[in-house]
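Each chain, letter by letter, is given below.
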Amino acid sequence: MNFNTAHFYESFLYGIKYFPNTLRLVFIPLAIGLILGTVIALARVYKVPVLCKLLGIFVTVYQGVPIVVALMIYNLVFMLKFNDLAGFLHIKTKAADVDNIWVGIFALSLTAVCSISEAIRGALLSIDKGQDEAGYSVGLTKVQTIRRIIIPQMIPAAIPTLINHVVGLIKASSVVMAIGIIEIVAGATIPSSRTYSFFEGYVAAAVIYWAFTIMIEYLAKVLRRHTGRFRRNPYD
Amino acid sequence: MIEVKNVKKAFGKQQVLKDVSVEVEDGQVVVVLGPSGSGKTTLLRCINFLENADSGQLAIGDTCVDLKKATKKQILEIRRKTAFVFQNYNLFANKTALENVIEGLVTARHIPRGEAIKQGKEALDWVGLGEKYHCYPCNLSGGQQQRVGIARAFVLNPEVILFDEPTSALDPELVGETLDIIKKVAGRGITMIVVTHEMSFAQDVANKVIFMDEGIVVEEGSPEEIFSNPKEERTRQFLSRIISLDSNYSI
Amino acid sequence: MDKLFGWERFFENIPKILPYLSVTFRIAVYATGFGVLLAAFIVLAELKKIPVLNPFFKVYVSFMRGTPMLVQLMIIYYGIPALIDPVFGTNINRGFSAVTFAYITFILNQGAFLSAIFYGAITSIPYGQTEAGFSVGLTELQTFRRILLPQMVRIALPPFGSDLVGLFQNSSLVFLIGVTDIMGRAKSIGAATKHVLEAYVFVVIIYIVISLTIRLLFYYLNTKLEYGREGVE
Numbered sequence: 001m002n003f004n005t006a007h008f009y010e011s012f013l014y015g016i017k018y019f020p021n022t023l024r025l026v027f028i029p030l031a032i033g034l035i036l037g038t039v040i041a042l043a044r045v046y047k048v049p050v051l052c053k054l055l056g057i058f059v060t061v062y063q064g065v066p067i068v069v070a071l072m073i074y075n076l077v078f079m080l081k082f083n084d085l086a087g088f089l090h091i092k093t094k095a096a097d098v099d100n101i102w103v104g105i106f107a108l109s110l111t112a113v114c115s116i117s118e119a120i121r122g123a124l125l126s127i128d129k130g131q132d133e134a135g136y137s138v139g140l141t142k143v144q145t146i147r148r149i150i151i152p153q154m155i156p157a158a159i160p161t162l163i164n165h166v167v168g169l170i171k172a173s174s175v176v177m178a179i180g181i182i183e184i185v186a187g188a189t190i191p192s193s194r195t196y197s198f199f200e201g202y203v204a205a206a207v208i209y210w211a212f213t214i215m216i217e218y219l220a221k222v223l224r225r226h227t228g229r230f231r232r233n234p235y236d
Numbered sequence: 001m002i003e004v005k006n007v008k009k010a011f012g013k014q015q016v017l018k019d020v021s022v023e024v025e026d027g028q029v030v031v032v033l034g035p036s037g038s039g040k041t042t043l044l045r046c047i048n049f050l051e052n053a054d055s056g057q058l059a060i061g062d063t064c065v066d067l068k069k070a071t072k073k074q075i076l077e078i079r080r081k082t083a084f085v086f087q088n089y090n091l092f093a094n095k096t097a098l099e100n101v102i103e104g105l106v107t108a109r110h111i112p113r114g115e116a117i118k119q120g121k122e123a124l125d126w127v128g129l130g131e132k133y134h135c136y137p138c139n140l141s142g143g144q145q146q147r148v149g150i151a152r153a154f155v156l157n158p159e160v161i162l163f164d165e166p167t168s169a170l171d172p173e174l175v176g177e178t179l180d181i182i183k184k185v186a187g188r189g190i191t192m193i194v195v196t197h198e199m200s201f202a203q204d205v206a207n208k209v210i211f212m213d214e215g216i217v218v219e220e221g222s223p224e225e226i227f228s229n230p231k232e233e234r235t236r237q238f239l240s241r242i243i244s245l246d247s248n249y250s251i
Numbered sequence: 001m002d003k004l005f006g007w008e009r010f011f012e013n014i015p016k017i018l019p020y021l022s023v024t025f026r027i028a029v030y031a032t033g034f035g036v037l038l039a040a041f042i043v044l045a046e047l048k049k050i051p052v053l054n055p056f057f058k059v060y061v062s063f064m065r066g067t068p069m070l071v072q073l074m075i076i077y078y079g080i081p082a083l084i085d086p087v088f089g090t091n092i093n094r095g096f097s098a099v100t101f102a103y104i105t106f107i108l109n110q111g112a113f114l115s116a117i118f119y120g121a122i123t124s125i126p127y128g129q130t131e132a133g134f135s136v137g138l139t140e141l142q143t144f145r146r147i148l149l150p151q152m153v154r155i156a157l158p159p160f161g162s163d164l165v166g167l168f169q170n171s172s173l174v175f176l177i178g179v180t181d182i183m184g185r186a187k188s189i190g191a192a193t194k195h196v197l198e199a200y201v202f203v204v205i206i207y208i209v210i211s212l213t214i215r216l217l218f219y220y221l222n223t224k225l226e227y228g229r230e231g232v233e
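Residue numbers (our numbering), protein chains in the order written: chain E, 1 to 236; chain P, 1 to 251; chain A, 1 to 233.
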């Protein structure tokens with residue numbers, strides 16, 4: 001069996017070196033996804049007119065778009081049209097100056113927004129209607145009820161699905177190598193073009209991802225215990 | 001004739017059955033009483049191998065098996081001579097009432113489907129659920145589900161029906177009608193072993209009462225003997241607490 | 001400068017790209033078919049706690065679920081030749097076409113994901129159902145086939161549907177190991193005509209239609225089977 005441990009180790013180190021890029025590709029879309037996703041989920045559950053339907057259609061349709069295809073399209077449009085758009089908006093930067101990691105972040109953010117809004121929507125729907133009614137009955141406004149009663153209950157309900165989506169985001173971030181962004185996988189295979197040890201390179205990348213997802217799932221367990229505390233001791 | 005000899009069972013460090021022997025004549029109704037943790041449910045579950053005893057012998061009719069060393073074939077044989085009514089009914093969730101009742105007949109005893117359906121409908125009619133042949137368990141009340149469970153056991157025509165606290169999970173109002181059905185079953189001359197807290201049922205229907213505590217049979221005898229003249233102190237303690245509860249409670 | 005998106009080119013591409021959809025479907029069918037078998041085997045090992053196999057599968061499932069599909073594809077694509085050639089003196093790359101590596105990867109991947117779905121479904125059935133089966137004299141196999149399996153299918157159907165949508169989306173990656181599916185064809189059109197955007201947009205539309213169709217189908221199936229109904233009480 002051919003497994004060159006030295007090359008594996010070298011790929012591993014190169015992969016870790018580009019780990020920060022993966023973190024950027026995961027956490028920025030995650031943050032955007034959480035913020036916009038929550039807004040979209042709330043708009044759909046509380047049936048805000050017009051927005052509810054439009055956002056619903058957008059999420060349903062966009063969920064069917066594979067990341068790699070979206071990436072290729074965005075990258076293409078970016079490379080061909082960015083300069084025109086910049087000139088139109090009187091921005092001084094040119095396409096060449098902008099790191100195309102932002103194309104990756106843009107694509108991943110859109111996917112994150114869709115899947116996270118669905119997860120949050122599911123969690124919101126699982127909360128008893130009586131909670132809203134109770135809020136109104138003691139004189140809280142709709143916004144106050146959402147902020148003080150609904151959202152705190154939504155969070156522990158949403159965490160298991162959200163963690164699945166975070167893991168999904170981590171794995172999806174590997175696709176950006178198709179448009180030349182250097183993250184863990186591309187990093188781990190840099191030495192491979194010199195040593196021809198592609199197998200060792202990809203195994204190194206896999207190990208890094210695997211360790212990362214195991215850590216996230218452990219963190220999730222801790223988080224669930226922490227935020228779900230009120231579920232065992234309900235306060236009045 | 002059902003004979004259980006020297007059953008022992010431990011769960012981890014807890015010795016739940018310490019050495020229990022029970023004899024049941026054909027057609028007898030035996031009621032097993034005792035506080036929780038006394039091992040009465042475990043005893044019942046050992047008889048049809050839902051639990052594996054650590055040692056002991058079991059004889060049902062002319063089939064004798066060793067409780068620990070029984071082969072799969074022997075276990076199946078025993079299970080086809082017995083029927084079990086569960087505390088929380090355990091009706092097959094994906095089958096209608098009628099399908100629940102005939103499942104054992106068709107699949108385990110290879111009775112032709114037409115004949116099984118006929119017997120199943122008769123059994124359901126007999127427990128008062130003639131309108132509910134095609135209802136799923138989720139559409140039946142607790143009391144109705146338990147009656148289906150009883151019909152399911154009854155239709156198998158077993159040598160003994162084992163009842164594990166059949167009314168403990170029911171609303172108080174429904175306990176009465178379920179006990180009536182169980183009395184009907186007894187009236188048919190079927191051998192029954194019933195684990196229950198319902199004292200009045202024991203007094204009315206049982207031929208023999210067994211009192212268990214902490215894994216052993218403390219005392220056994222006819223209902224009159226046990227309820228009016230308990231010989232053991234522990235029996236007396238238990239009965240006095242239960243009977244005073246019975247009379248103080250009314251909603 | 002030429003238009004970015006030309007409608008004539010878009011419609012020209014449709015008949016060029018559509019035939020290659022069969023590659024995508026073939027991947028999905030093999031992956032699901034063999035994946036279900038593999039998953040059943042894994043769940044059996046887990047339920048019966050078979051030594052050696054059970055811990056091995058636990059690690060295997062964790063790996064397949066914790067690493068990106070892209071990386072898995074590459075590992076199989078480079079790894080199988082790397083591991084097998086020196087031992088058997090073969091040259092796999094000349095024998096296998098790229099799509100075979102894709103089949104292998106997706107079968108292994110689906111086996112892992114489906115095993116998690118099936119295991120969750122079967123363990124959520126109350127144990128009382130099994131006991132009731134035994135108490136009316138059914139054997140283990142009969143209890144499984146007639147009582148547990150139907151309930152399991154109902155519970156597993158929604159997550160299976162989502163997994164299926166994910167399978168199709170992941171299959172969009174196979175062009176990166178040289179498989180000519182709809183994406184691969186789009187790229188080759190782009191290389192030939194220098195205009196690739198229309199092809200990509202058509203590919204996106206195909207995937208959207210597939211995703212919506214599957215979701216609609218499963219929505220219909222789910223309501224028909226009244227999933228989530230857990231009978232007793």
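Since the hints were made in silico from the structure, they are not lab data.
Be aware that a few hints might be false.
What the hints assert, rightly or not - Computed cross-link-like contacts, DSSO-like style, restricted to lysine-lysine with a CA-CA straight-line distance of at most 27 Å:
1) 224(A) to 95(P)
2) 73(P) to 48(A)
3) 187(A) to 68(P)
4) 69(P) to 48(A)
5) 231(P) to 184(P)
6) 95(P) to 8(P)
7) 81(E) to 224(A)
8) 224(A) to 16(A)
9) 68(P) to 16(A)
10) 48(A) to 81(E)
11) 13(P) to 224(A)
12) 58(A) to 48(A)
13) 73(P) to 224(A)
14) 53(E) to 187(A)
15) 72(P) to 224(A)
16) 121(P) to 95(P)
17) 72(P) to 194(A)
18) 13(P) to 49(A)
19) 95(P) to 132(P)
20) 132(P) to 224(A)
21) 118(P) to 95(P)
22) 68(P) to 5(P)
23) 17(E) to 81(E)
24) 95(P) to 18(P)
25) 8(P) to 72(P)
26) 18(P) to 5(P)
27) 18(P) to 8(P)
28) 221(E) to 187(A)
29) 13(P) to 118(P)
30) 69(P) to 49(A)
31) 221(E) to 194(A)
32) 184(P) to 121(P)
Claimed, not checked - Computed footprint of chain A on chain E; a stretch qualifies when at least three of its residues, placed anywhere within it, have a C-beta under 8 Å from a C-beta of chain A:
33) 30-38
34) 60-66
35) 76-88
36) 137-146
37) 204-211
Computed from a predicted structure; not experimentally measured.
The beta-carbon is built from N, C-alpha and C at its ideal position, and this holds for glycine as well.
Going through the hints against the structure:
1. 224(A) to 95(P): Measuring from Cα to Cα gives roughly 16 Å; hence the hint holds.
2. 73(P) to 48(A): Judged against 27 Å, a Cα distance of about 20 Å means the pair holds.
3. 187(A) to 68(P): Outside the cut-off at roughly 68 Å; violated.
4. 69(P) to 48(A): It holds: about 21 Å lies between the C-alpha atoms, which stays within 27 Å.
5. 231(P) to 184(P): Outside the cut-off at roughly 31 Å; violated.
6. 95(P) to 8(P): violated (36 Å)
7. 81(E) to 224(A): This hinted pair is violated, its Cα atoms lying about 49 Å apart.
8. 224(A) to 16(A): Not satisfied, since the Cα-Cα distance of roughly 38 Å exceeds 27 Å.
9. 68(P) to 16(A): violated (70 Å)
10. 48(A) to 81(E): violated (59 Å)
11. 13(P) to 224(A): Given pair residue 13(P), residue 224(A) is violated - Cα atoms ~49 Å apart, limit 27 Å.
12. 58(A) to 48(A): The given pair, whose Cα atoms are some 13 Å apart, holds under the 27 Å limit.
13. 73(P) to 224(A): It is violated: about 40 Å lies between the C-alpha atoms, which goes past 27 Å.
14. 53(E) to 187(A): Violated: residue 53(E) and residue 187(A) sit about 35 Å apart, past 27 Å.
15. 72(P) to 224(A): violated (39 Å)
16. 121(P) to 95(P): Satisfied, since the Cα-Cα distance of roughly 15 Å is no more than 27 Å.
17. 72(P) to 194(A): violated (71 Å)
18. 13(P) to 49(A): Holds: residue 13(P) and residue 49(A) sit about 23 Å apart, inside 27 Å.
19. 95(P) to 132(P): holds (12 Å)
20. 132(P) to 224(A): holds (22 Å)
21. 118(P) to 95(P): holds (17 Å)
22. 68(P) to 5(P): OK: residue 68(P) and residue 5(P) at ~12 Å, within 27 Å.
23. 17(E) to 81(E): violated (32 Å)
24. 95(P) to 18(P): Violated: residue 95(P) and residue 18(P) sit about 39 Å apart, past 27 Å.
25. 8(P) to 72(P): holds (20 Å)
26. 18(P) to 5(P): Roughly 12 Å separates the two Cα atoms, so the pair holds.
27. 18(P) to 8(P): holds (5 Å)
28. 221(E) to 187(A): violated (43 Å)
29. 13(P) to 118(P): Not OK: residue 13(P) and residue 118(P) at ~49 Å, beyond 27 Å, violated.
30. 69(P) to 49(A): Judged against 27 Å, a Cα distance of about 22 Å means the pair holds.
31. 221(E) to 194(A): Not satisfied, since the Cα-Cα distance of roughly 50 Å exceeds 27 Å.
32. 184(P) to 121(P): Distance ~17 Å between residue 184(P) and residue 121(P) Cα, so the pair holds.
33. 30-38: Per the Cβ count (0), the hint is violated.
34. 60-66: With 6 residues close enough to chain A, the hint holds.
35. 76-88: holds (count 4)
36. 137-146: Violated - the region 137-146 of chain E has 0 residues with a Cβ nearer than 8 Å to chain A, which falls short of three.
37. 204-211: Answer holds; 4 residues pass the 8 Å Cβ test.
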